[in-house]
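Engineer: Given these sequences and hints, build the entire structure.
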Amino acid sequence: MNQPATSLIRPSHRSLFPYIFAALFTLAFVDSWRRAGIDPLVFFESKGRAALAKFLTGMFPPDLSWGFLSLMLRPTLETMQISILGTLIAVIIGFPLGLLGTHTLTVGGILNEADLHNAPLRRGLRYGLYLTARGLLSLFRSIPEFVWAFMFVRAVGLGPFAGVLAIGVAYGGMLGKVYSEIFEAVNERPLEALQSLGANKLQIFFYGWFPQALPNFISYTLYRWECAVRASAILGLVGAGGLGQQIEISMRMFNFSEILTILMILFLMVAAVDYLSAKVRGML
Amino acid sequence: MSKSPVKHTFDVIPSVSAAGQARSLVKNLLLLLAVGAFFIWSYIGAEIHLTQLFSRDSFDQIVIYVKKLFPPDVSPPVLREAVKGTVETFAISFMGTLMAVVIALSVVFFASRNLIYSGLLYEMEPKRGWSRAARMLPYFGAKSLLNILRTVPEMVWALIFVFLVGLGAFPGVLALGVHTGGVLGKLFGEVLEDVDSQPIESLQATGANRLQILFYGILPQVLPQFISYTLYRWEVNIRVAAVLGFVGAGGLGQRIHIAISLFLENQLLTLIIAIYILVTIVDYLSAYLRRKVI
Chain A
1 MNQPATSLIR
11 PSHRSLFPYI
21 FAALFTLAFV
31 DSWRRAGIDP
41 LVFFESKGRA
51 ALAKFLTGMF
61 PPDLSWGFLS
71 LMLRPTLETM
81 QISILGTLIA
91 VIIGFPLGLL
101 GTHTLTVGGI
111 LNEADLHNAP
121 LRRGLRYGLY
131 LTARGLLSLF
141 RSIPEFVWAF
151 MFVRAVGLGP
161 FAGVLAIGVA
171 YGGMLGKVYS
181 EIFEAVNERP
191 LEALQSLGAN
201 KLQIFFYGWF
211 PQALPNFISY
221 TLYRWECAVR
231 ASAILGLVGA
241 GGLGQQIEIS
251 MRMFNFSEIL
261 TILMILFLMV
271 AAVDYLSAKV
281 RGML
Chain B
1 MSKSPVKHTF
11 DVIPSVSAAG
21 QARSLVKNLL
31 LLLAVGAFFI
41 WSYIGAEIHL
51 TQLFSRDSFD
61 QIVIYVKKLF
71 PPDVSPPVLR
81 EAVKGTVETF
91 AISFMGTLMA
101 VVIALSVVFF
111 ASRNLIYSGL
121 LYEMEPKRGW
131 SRAARMLPYF
141 GAKSLLNILR
151 TVPEMVWALI
161 FVFLVGLGAF
171 PGVLALGVHT
181 GGVLGKLFGE
191 VLEDVDSQPI
201 ESLQATGANR
211 LQILFYGILP
221 QVLPQFISYT
231 LYRWEVNIRV
241 AAVLGFVGAG
251 GLGQRIHIAI
261 SLFLENQLLT
271 LIIAIYILVT
281 IVDYLSAYLR
291 RKVI
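Here the protein sequences line up with chains A and B, keeping their order. Using our numbering, the letters of the first sequence map in sequence onto residues 1 to 284. Using our numbering, the letters of the second sequence map in sequence onto residues 1 to 294.
It is possible that part of the hints are untrue.
[What the hints assert, rightly or not] In silico DSS-like pairs for lysine-lysine, Cα to Cα no more than 27 angstroms straight-line:
hint: 1; chain 1: B; residue 1: Lys-143; chain 2: B; residue 2: Lys-186
hint: 2; chain 1: B; residue 1: Lys-143; chain 2: A; residue 2: Lys-279
hint: 3; chain 1: A; residue 1: Lys-177; chain 2: B; residue 2: Lys-292
I should point out that these hints are in silico values taken from the structure, not numbers from a laboratory.
Structural biologist: Printed below as a string of C-alpha cells:
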C-alpha cells in the first residue's frame, strides 16, 4: 500500500489490439442495438407513459393487509427451506466432485508422488477420474438454475422439490469448482511434515488438509447459501415453489401493490440471511 | 487493496485456557445444534421425503427424462433458431452490461463517501453546517437508489419491463441494465472508497482542484478494477440473459421455454448445448480481455 502508483503506468507498446478492440466493440454495439430492439423512446410515447403510470400508481401503497401477509407467510418459509435444502444437496454433490477435481489430491502433489511415479496406467486412470469430475462440475454450473428448475418440474412435478433439486445441481457445480480451488491452495508444508512423520493419506487429509481448507470452505458455502435464497425466491416463476410463484400470479393479475409487498418481504429476508451468514462467518 | 496478506506462522503454540476451551466447545455445539435444527425444519417444510429424494421412482423419472433429451435435434431450422437465439442472448447481455456501466458510473460518484462529503478532499470544509448536509443528501439518495436497483432480482425486473414495454429482447436489456447497474454501483463504490490516498494528497498539495484530483488521482487507480468487475458481471449476465426469455424477454430462454412447454426435448438439448457454448466462449473472451486490458 505504501508503493507509489507507478505500477499502474505501463510503458506504451505498439500493438494493434486497441484498434481491433475498438472496431469489434463498435460492431458488436451497432449489431446488438439493432438485434435487441432497443428503443428508449418507448417510455416517452403515450402508451409507455400510460403503462409506467399504471405500474407506479398501482404499486403504492403496498398491500399490507393481514390477509395477504398471512397468505405470504407460507411461501416465504418455503423459499427459505428450498434454499437450505438446496444448499445441502449442493454440498453433497459438490464436495466429492470437488475432491476428485482437485489436481493436487487426485493426480499430482505430494500425496501421490510416490504412488504414481512409475505407474502410468494408474496415473491415467486417476487423470480420467479428475477430468470426469471437472467435466461434470462444469456441466452442472453452465446450465442456469432456471433451466434446471424447469427440467426438474417436468421430471418430478410442480412444487418445492424441483426447486431444491435445481439449486442442488446448479450450485453443486459452482461449489465443487470453488472447493477444488480451495483445496489446491492449501499450504503444502504441514502436509509434508505429516508425511515425514509417517502419517497415511487419510491422516494427512484429515489433519493437514482439511483443517486448512475448512474456514474458506464454510465461508464460501455460506455465501452460496445467500445466493440460493435469492435464487429460490424467483425459481417459482417456473413453478418450483416459493415466493416466485406468488410474484408471477400477482403480476398476471396486475396487482402491483402485492408485488411491492413481496419485494419488501424479499428484501427483509435477504437482509436477514446476509446478517445471519455474516454473523456465522465472524465466528469462524 | 488496503489489506496486506497476513502470513500465519506457528513458531509459538498458542496456549488455550481450560475455561476458554470449554466455552468454545459449548459455542461449537450450540452452532451445530442450530444448523441441525435448521436442516430438519427445512426438510419437514419443503415436503420432501428422503425416500422420495433417493427413491427408485424419482430416479427413474429423471433417467427417463434424460433419455428423452437424446439425441439433440440438429435439423437446419432448429439450428438456425438456436444460432439466432444465441446471438440475441449475446446482444442482450452486451447491451445490458453497457447500460449497467452507464447507470453505475452516473450514480457511483455520489455514492462514495470520500468523494462526496468526508475524507481528505473535505478536510478544510467545516464539519457541520448546511453545505455538508447538502452533500450528504445526494449520498444517501444515490445509496438507496443503488440498493433498490440491486434488491429486485433480474427476473422480476424483466417481468416488470415486459409489462411496461412489451415482449421482446428490449425488456431483457432493461432488466439486466437496471439490476446490474445497482450491483456495479455498489462494487464501484467500494473500490472508490478504498483508493490509495497518497496520490490524492500529493495532487492536493500541488493545488489541483477536486475535478483534477478525480481525473488524475482517483480514476487511474480504480479503472482496472472497474473494468475487471464489469467483465465479471458480464459473465454473470450472459447466464441470466439465457433465461430471461422465460418471462418473455427474448433470447435463448424464450426458445427454451417453448421447447420445454411443448415437450420438444431434443430441441431443448440443442438449446442447452448452445447455452453451454455461448457461456464458455464468453468466459474465455472475458478472461482474455481481463489479461489484455489490466
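Engineer: Quick one: which hint numbers does this structure break? Sort them smallest to largest.
Structural biologist: none
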